[in-house]
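All chains, full assembly: derive it from the sequences and hints.
48 is the number that the numbering used here gives to position 48 of the sequence shown; each next residue is one higher, with no gaps.
Where hints are given, some of them may not hold.
As the list claims (entries may be wrong) - The calculated label-pair distances, taken between Cβ atoms and stated as ranges, are:
1. Trp8 - His55: 15 to 23 Å
2. Asp47 - Val26: 18 to 26 Å
3. Pro79 - His59: 29 to 37 Å
4. Glu20 - Gln51: 13 to 21 Å
5. Ala39 - Pro76: 13 to 21 Å
6. Lys81 - Pro57: 24 to 32 Å
7. Thr75 - Thr13: 17 to 25 Å
8. Phe35 - Lys81: 31 to 39 Å
9. Lys81 - Glu20: 32 to 40 Å
10. Gly65 - Arg28: 17 to 25 Å
11. Glu19 - Pro80: 28 to 36 Å
12. Glu78 - Asp24: 17 to 25 Å
These are computed hints drawn from the structure, not numbers from a lab.
Given the structure is predicted, the values throughout are model-derived calculations rather than measurements.
Every residue, glycine too, gets a C-beta built ideally from N, C-alpha and C.
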Amino acid sequence: MPVWRDVWDGMPTLLIVAEEDAQDGVIRDPVLFLFDVPASPVTVTTDQGQQMHLHLPAHCLGQTGIVASLDLILTPVEPPK
Numbered sequence: 001m002p003v004w005r006d007v008w009d010g011m012p013t014l015l016i017v018a019e020e021d022a023q024d025g026v027i028r029d030p031v032l033f034l035f036d037v038p039a040s041p042v043t044v045t046t047d048q049g050q051q052m053h054l055h056l057p058a059h060c061l062g063q064t065g066i067v068a069s070l071d072l073i074l075t076p077v078e079p080p081k
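Next comes the structure, spelled out in C-alpha cells:
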C-alpha cells in the first residue's frame, strides 16, 4: 500500500494512503489525513524517497481531518539548477 508524506521525520501535515501507486501522475481514490496543511502545492515524498508536488483542493487547506474519494494530481519536482 503506497504512502506519501510531506514529512517523514516528525509529525506530518499531510499523509496519503492509497491502494495502488500513482498511475500517469494521478493517485486514484486515496485517503488523506490532513493536519492543518497551510498551502498548496505540497511537496510529498514516498517511502523510497521520490519527491513530487501535490496540488490540494482549496477545501483541504487549513483543515484537520480525513478526506477520501478524490483523485490527486502529482507533478515532478524539478531538480535545482
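Right, here's what the structure says about each hint:
1. Trp8 - His55: 15 to 23 Å: Given about 21 Å between the Cβ atoms, the range holds.
2. Asp47 - Val26: 18 to 26 Å: The hint (18 to 26 Å, Cβ to Cβ) holds, given that aspartate 47 and valine 26 are roughly 19 Å apart.
3. Pro79 - His59: 29 to 37 Å: At roughly 32 Å between Cβ atoms, histidine 59 and proline 79 fall inside 29 to 37 Å, so the hint holds.
4. Glu20 - Gln51: 13 to 21 Å: For glutamate 20 and glutamine 51 the Cβ distance comes to about 19 Å; the hint holds.
5. Ala39 - Pro76: 13 to 21 Å: The hinted range 13 to 21 Å holds for alanine 39 and proline 76, with Cβ atoms some 19 Å apart.
6. Lys81 - Pro57: 24 to 32 Å: Holds - the Cβ-Cβ distance for lysine 81 and proline 57, about 30 Å, lies within 24 to 32 Å.
7. Thr75 - Thr13: 17 to 25 Å: holds, 19 Å
8. Phe35 - Lys81: 31 to 39 Å: holds, 32 Å
9. Lys81 - Glu20: 32 to 40 Å: holds, 33 Å
10. Gly65 - Arg28: 17 to 25 Å: Given a distance of about 20 Å, which is inside 17 to 25 Å, the answer is holds.
11. Glu19 - Pro80: 28 to 36 Å: holds, 33 Å
12. Glu78 - Asp24: 17 to 25 Å: Holds, since glutamate 78 and aspartate 24 (Cβ atoms, about 19 Å apart) stay within the stated range.
Of the numbered hints given earlier, the model fails none.
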